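Chains as they are written, first to last, in my numbering: chain A, 1 to 290; chain B, 1 to 339; chain C, 1 to 235.
Quick caveat, the hints were computed from the structure, so don't treat them as lab data. Hints are not guaranteed to be accurate.
Unchecked claim - Under the rule of at most 25 Å between Cα atoms (straight-line distance), these lysine-lysine pairs were calculated in the DSS-like manner:
no.	chain 1	residue 1	chain 2	residue 2
1	C	Lys75	A	Lys174
2	C	Lys126	A	Lys160
3	C	Lys155	C	Lys173
4	A	Lys160	C	Lys183
5	C	Lys106	A	Lys174
6	C	Lys182	C	Lys75
7	C	Lys155	A	Lys80
8	A	Lys185	A	Lys159
9	C	Lys164	C	Lys126
10	C	Lys28	C	Lys183
11	A	Lys174	C	Lys78
12	C	Lys70	C	Lys164
13	A	Lys162	C	Lys126
14	C	Lys126	C	Lys75
15	C	Lys78	A	Lys162
16	B	Lys113	A	Lys174
17	C	Lys106	A	Lys159
18	C	Lys130	C	Lys183
19	A	Lys159	C	Lys28
20	C	Lys155	C	Lys130
To be verified - One side only, chain B facing chain A, incomplete, derived with CB under 10 Å:
no.	residue
21	Leu13
22	Leu16
23	Val299
In this text, all values refer to a predicted model and were calculated from it rather than measured experimentally. Ideal placement from N, C-alpha and C gives every residue a C-beta, glycine not left out.
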Amino acid sequence: MELFVNLVINGLATGMLIFLLAAGLTLIFGLMDVLNFAHGGLFVWGAYAGIFTYVFTESFLIGIVGAVVTGALLGLITEKLIITPVYGNHIQQILITLGLMLVLQELIKVVFGPNGVAVKTPSYLTGSWEIGDVIIIKYRLFIIVVGFIIFGIFQYMLKKTKIGLIVRAGVQDKEMAQALGIHIKRVFLYVFMVGAALAALSGMLMAPYSGVIYAEMGMEYAILGFIVVVIGGMGSFSGSLLAAILVGLAGSFMAYYVPVLSLAVNMILMAVVLIFRPQGLFAMRKERST
Amino acid sequence: MKNKLSLKYVGFLLMLAILVLLPFVNDSRTLMILLTQIFIFGILAMSYDILLGYTGIVSFGHAMFFGIGAYTSAVMLKQMEPTLSTFLLSIVVGVLLAGFISFLVGLLSLRLKSHFFAMLTLAFSGLFLVVAEKWRSVTYGNDGFTFRAPEIFRDRMTFYFFVLACLVVIFLVLYRFVNSPTGRILIAVRENEQRTKSLGYNTLHYKVIASIVAGTVASLAGSLYAVSLRFVNTSVMTMDITLDALLMTIIGGVGTLVGPLLGSAVIEYAQHALSGLARDYPIFERWIIFFGILYILAVIFFPKGIIGSLRLMFWKWRLKHKEKDQTSVAPSQEKERFE
Amino acid sequence: MSTLLKLNDVHTHIGQYHILQGVNFEAKEGQVSVLLGRNGAGKTTTLKTIMGLTPASKGEVEFRSHSIKKSPTYKVAKLGIGYVPENQGIFADLTVEENMKVAMRKEDTATLERQTYVLELFPDLKKFWKKAGGHLSGGQKQMLSMARAFINDSKLMLIDEPSKGLAPIVVEKVMEAIVEMKKQTSIILVEQNFIMASRIGDTYTLIDDGRTVHSGKMQDLIHHEELKRKYLGIG
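If we strip away everything but chain A, and leave its shape as in the complex, we get (with noise of 0.2 Å):
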């Protein structure tokens, strides 16, 4: 029982930061039919930035802040330079994102140096709880709570506000929403600069979980994050939580019962979805719904 409890509390935290990267991901091709394959440098640059921070004020959540606020202002400037020029043109976006993705990356390695850095965990955050037999480990329910506030707050935000109403019918009906007067080129401005701090947010949080930062892993967890997107239909928000948690609970367990397959399971997983229901997993409707 315990073990059960302690592999899905693990699922869950990868699920969840996976969720928070994909998140971003998802907004921004759901509104702008853009997919960033650069998503996964503004992790890592998330999560560079957010530790320098947090080693140098030594406040973690200074140190989040500094994670968001680098994410949204390189979102500001991918937007306007690279993504602007290859709107519509799918095949430009995807290589012109890979090639910012390799930037950024080698970037990272100039800036704060070709090793990793080890992470250490806020002292408060570190240690356990144990009830009974369970052994909660605190960070891991920390990242739990935060991937589902973040989810409440964007879920309450694109259901029952004017924003979220925008944001929803520019998804929809681009041409349409411009002639009701939205200034449809801005909304894409701010979906895409909080996608970027969202991957930010996660680099950050993903940092002490791990342990360690490095500059490849931007890519290596990109990788997961298309998975979600794709397992939970490309624009659904709620899609892609679902999809999150499911690839993380797969990996957890694999990694415990099949650990050969627990690289290639998420592969797999993506695999089999894109044959058989392309759409997506939880795409309920033909049309695209946030």
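Starting from the known structure of chain A, fit chains B and C onto it as the hints suggest.
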């Protein structure tokens, strides 16, 4: 038109003559190795361009075919007698394997739209990487293994000529392929898949053909690569290989066969030169940044790469100076390379 | 009666196609101006060019004596031009209420009063207030689209083929609504159905092959058999 064709022909023969004679003028080991490397990646990049430049699809899984070739040759040379015939047999086996797998993968994935196709190829090549890492009894995982190359290739110069011969043959075969009716239809798919479909062509069928051609040629490049190093490990299956092919194709010029070759030369040479510089200036260790930036700028401003941009300039120049000549109108495909 | 909107020798390219090749057109305040012409003549593109969705490559577009030729679509909309596209442009996943809300640029009393007014005009919308836009009937979508364009105190509404694909009884309702709305705003109407158009239109402009070929008072066109035969294929 005839004039231009013969110009091309002369250029081709001249280049070939230089490359054949070069080892007799300067047979420095470094140069031989560098040129061999350029040829091998040139073959890989040309195969990638069949997908990207001619058919207009972005694959993130090209390394998988390169890796299949590399591992097939390495494993067979290690397990069997390291003779030339074993090597040639391993090339055939690798090509057949790659052809079969690219057929399956293509059939499963080419129905999907560009984003999804890119992801699915990424997933498949990820799976192959995992297999290469985990099947340690054969692949020795990440550590890889060394093996003996066929006796005849001990001499760098012989291997150089072998690879050059492969390059020329592949170039000519691919040239015929892209200029064949099938190749024309691939270009039509790139320009407008819907319209091609409505003209009655089964575009999936043609995309799968492109995928098989690209996969088998990449496998050959992989075989040559393994033998050139006499060593193989999982790095031949990684994303880096795909990225190399992508960079070379984009920088050299998509939708041409010479472009990827040029791209391969530029990148391999720069890599070689910059890693030399890196000993003195550590910033050059991060040479990939320069290429990344160059590549981004190329996608925005010169989506046709070096060759395409030169060609466009040539056409413009022709138009200016030969306005009387009514026939010299730039081919329509120069307009929009992507989509 | 002052001129609200003026197009002067407008040319529009879409991709490599030269769609509008000289459109001259004026819409006066408080009137229903009808654009007539065959399929593919360029009526819809004219509306899109006014909205900035397919910007003019040559010529001049003036709204209340200000050039809007280079204005992005959202700015054109904010100046007070409401757009009801041919396919109605309803956000399918949003409810009727949300569709209205997303269109509202202000939520002041004047806007809310106008909302009450259009809901009286289209009681169906009130009935299906919480229903997803995608589940409405064609006529209801048309009504929602018109209500949405009207809600922001639009000075001018561009309505593209409101009768298309609707049952005659629904067309009747839509036309009544247009006559009603005309009391508060000016309207440019693209309409294939000449009988409808002639009933509610004040002026007409004939477009053929991307050019305006004739314009004048609707009363005159009704009796001009030759024009009708030549450009509309009726009469």
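Against the structure, the hints:
With a C-alpha separation of about 15 Å, the suggested pair Lys75/C and Lys174/A falls inside the 25 Å cut-off, and the hint holds. At roughly 20 Å between alpha-carbon atoms, Lys126/C and Lys160/A fall within 25 Å of each other, so this suggested pair holds. Restraint check: the Cα-Cα separation between Lys155/C and Lys173/C comes to about 22 Å, which is no more than 25 Å; the hinted pair holds. Distance check on the hinted pair: Lys160/A and Lys183/C sit about 35 Å apart at the alpha-carbon level, beyond 25 Å; violated.
Taking the CA atoms of Lys106/C and Lys174/A, the gap is about 20 Å. The hint holds against a cut of 25 Å. Pair hint Lys182/C plus Lys75/C holds up; C-alpha atoms about 23 Å apart against a cutoff of 25 Å. Distance restraint check for Lys155/C and Lys80/A: the Cα-Cα separation of roughly 34 Å exceeds the 25 Å cut-off, and the hinted pair is therefore not satisfied. Under the criterion of a C-alpha separation no larger than 25 Å, the hint pairing Lys185/A with Lys159/A is consistent with the structure, at around 21 Å.
Using a Cα cut-off of 25 Å, the hinted pair Lys164/C and Lys126/C holds, with the two alpha carbons roughly 23 Å apart. Restraint check for Lys28/C and Lys183/C: the C-alpha separation of about 13 Å stays at or below 25 Å, so the hint holds. A C-alpha spacing of about 16 Å is found between Lys174/A and Lys78/C, which places the hinted pair at or below 25 Å, so the restraint holds. Restraint check for Lys70/C and Lys164/C: not satisfied, since their Cα atoms lie roughly 31 Å apart, outside the 25 Å limit.
Between Lys162/A and Lys126/C the CA atoms are separated by roughly 20 Å; this keeps the pair inside 25 Å, and the hint holds. This hinted pair does not check out: Lys126/C and Lys75/C have alpha carbons roughly 29 Å apart, beyond 25 Å. For the given pair, Lys78/C sits about 17 Å from Lys162/A by alpha-carbon distance, which is consistent with the 25 Å threshold. Between Lys113/B and Lys174/A, the direct Cα distance comes to roughly 21 Å. Compliance with the 25 Å bound is thereby established for this hinted pair.
The straight-line distance between the Cα atoms of Lys106/C and Lys159/A is roughly 19 Å, inside the 25 Å bound, and the hint therefore holds. Taken as a hint, the Lys130/C and Lys183/C pair is broken in the structure, with Cα atoms around 29 Å apart against an allowance of 25 Å. Using a Cα cut-off of 25 Å, the hinted pair Lys159/A and Lys28/C is violated, with the two alpha carbons roughly 41 Å apart. Distance hint between Lys155/C and Lys130/C is unfulfilled; the C-alpha atoms sit about 28 Å from each other, more than 25 Å.
Among the interface hints, the one on Leu13/B is violated; its C-beta lies about 34 Å from the nearest C-beta in chain A, farther than the 10 Å criterion. Given the 10 Å rule on beta carbons, the hint for Leu16/B is violated: about 31 Å separates it from the nearest Cβ of chain A. With a cut of 10 Å, the hint placing Val299/B at the interface with chain A holds, because the nearest CB-to-CB distance is about 5 Å.
Hint violations for this structure: numbers 4, 7, 12, 14, 18, 19, 20, 21, 22, all remaining hints satisfied.
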